[in-house]
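*Asks:* Listed below are the residues making up each chain.
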Amino acid sequence: MSETANLTARLTALANPTRFLALAGSLVPWLGGAAVLVLVVGLGMAFAAPEDYQQGITVRIMYIHVPFAWLAMFCYTLMAASALGTLVWRHPLADVALKAAAPIGAVFTALALVTGSIWGKPMWGTWWVWDARLTSVFVLFLMYLGIIALTRALDDQSRAARAAAILTLVGFINIPIIKFSVDWWNTLHQPASVFRLDGPTIHPSLLWPLLISAAGFTLLFLALHLMAMRAEIWRRRVSAMRRLSARAAEGKLAEGQAS
Amino acid sequence: MRLAAEALSGERGGEVIFSDTSFAVACGEALLVTGPNGAGKTTLLRILAGLLRPAAGRLALDGGGEEWPDIRAACHYLGHFNAMKTALTVEENLVFWQRFLGQARMTASEALETVGLEDIGHLPFGYLSTGQRRRAAIARLLVSHRPVWLLDEPTAGLDRASEGRFAELMRGHLREGGMIVAATHLPLGLEGAGELAMGGQAR
Amino acid sequence: MLALYLREVRLGIRAGSGALTGVLFFLAVVAVIPFGVGPDLNLLARIGPAILWIGALLASLLGLERLFQADREDGSLDLMLIADGRHMLALTVFVKCLAHWTANVLPLVAVAPLLGLFMNVPPTGLAAATLTLLVGTPAITFIGAVGAALVVALPRGGLLVSVLILPLSIPVLIFGVAASRGAVAEPDPFLPAFLILVALTLFFAVIGPAAAALALRNAD
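Protein chains in written order, with this note's numbering: chain U, 25 to 283; chain D, 34 to 236; chain B, 998 to 1217.
If you're looking for bench data, these hints aren't it; they were derived computationally from the structure.
Where a beta carbon is used, it is the ideal one built from N, C-alpha and C, also for glycine.
Be careful, since some hints might not be right.
As the list claims (entries may be wrong) - To be clear about the criterion: a stretch of chain B counts as covered by chain D if any three or more of its residues have a C-beta under 8 Å from a C-beta of chain D, and this derived list gives those stretches:
#1 1001 to 1010
#2 1070 to 1076
#3 1082 to 1092
Please put together the full structure from these sequences, using the hints given.
*Replies:* This is the structure in structure tokens:
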């Protein structure tokens, strides 16, 4: 009981943007450093790993393609959780988290699509196929862009936040449906090979570099996300101060007229 | 029944525009909300109607019982806009609102007669003048029964004679035990109404 | 609620010519396709149901952004929000969607068989395409209600509505086309895809109005 109260208190304390700014400010260099370190190790191992007997050197693109695709989905899940935070608990940072995550998620999704396309050219002989996996990731990319467009279109922050949150949640419910429908429709992409109930089908010599580079990219994502959140909070403070100074000028005018 | 607000504050676009406002209105009483532009009169009324959330404070309708559990259920809201469709006739508009809002009181033609529009009920709303439109919107307050009237600049666009007639309507509503909260610049002709001056106490 | 439905349908028919514009747009979309792909009747017959679906999807997006905007501009939306205790807002939205569909999308479904004839679609294909449109287009309206509610405060949100809801309506399009193709091409079954289409419409009939009501309540 006291544990949950403690946790709530800590979450509330974190809601204070000033405290968050300080915490995030000290965390970002560590996260960034760790990301670089883990990425160097992971990608180094990736180049030391054996080549695939069928795919040859092109298999190495997997070590960046798969983490990008994971992060594209991870970022959307994070945004959906933030959307719940905005709508249910009205947590002030949740909305900042959602708004800051959307462009990063869009970039990772675009990177996943581009690297997949580069991988697909030698493997399938074409840059793009309208296959289930590609199509559903493409739709995910469109939804990221839609959310970004919506947050940019509304100028009132709290209204934009709740609108984006609702769209994110509706999209989150829809993603399984889209995935399932295009799965039914057409498929060429290989099935899941790492997270399976009967254990990974991928060889350990390939799996470890993959996991480590995925961890590295996740750390990179977290660092970028915290930086974007800090920038967003600062942007809001600047606009609040501008509005205040506009009001102060008005007040001065009224005083001048009175005297 | 009693409508009470305690330490209410409201915000618009992330800015607090009034704070720590308290008042109470009992049956048969009216409250005039006055103040300069931007003092938060409309925001206060929209908070009362449940269209906006108060930034802080408490709002309650005591003694409404099962029928009027909260202010939102018990109020008529007359905002800046008339909530009428220009493509439908005045009478069609009123009949729709009566059926949608429930608690029928007057028929549409009786209400139109009360506001002096009995001859043009068959015309599309779009053909009416500003004053006539406002009177048609006032007729909406009469077709369904609500104990609380929330009025935002109700006499905007009305001529002197219609203002007098509307004041008589409001006095009738108060005599029947209703309540009125009205935001206004102009005197509404309600004697003994309380006044809440906004602006100045906030910031 | 019946009063609301009747009012909305009457408004849709009387105010402006939304339905006519939609039908003309549908006609125009279908008419440009043969110019794009060439007048090969066999090819047109094969892609005909898909063309009908895409045309109907695009045409039903027209006018969606006015669904709540018109009510917001004249103050009706405020009264509907206040009446939430009496008529649940999601239900109000649902009825408005149904009325919008009746006044603006049903005419599209009605002219679909005629346009299908231009595309040389066989009779069974025509029947299947019309039936799937009849069952599937309400889902697009329900999804569209979410988009319309999200941009209700924007003066020119029409294009944004389309951008927001097109990705979400992909499943409806897939199963609509799959079912209408299944009726013509032998190996593909008609019924499973059709039933999934029905399920999608029912699903969005719940999710759409609920999310739209949430968005409308937060629009101020």
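*Asks:* Does each hint hold? Answer for all of them.
*Replies:* Going through the hints against the structure:
Proximity of the region 1001 to 1010 of chain B to chain D, defined as three or more residues with a beta carbon under 8 Å from a beta carbon of that chain, is established by the 4 residues found. Here the region 1070 to 1076 of chain B counts 6 residues with a CB under 8 Å from a CB of chain D, which clears the bar of 3, and the coverage holds. Coverage of the region 1082 to 1092 of chain B by chain D holds in this model, with 3 residues showing a Cβ closer than 8 Å to a Cβ of that chain against a need of three.
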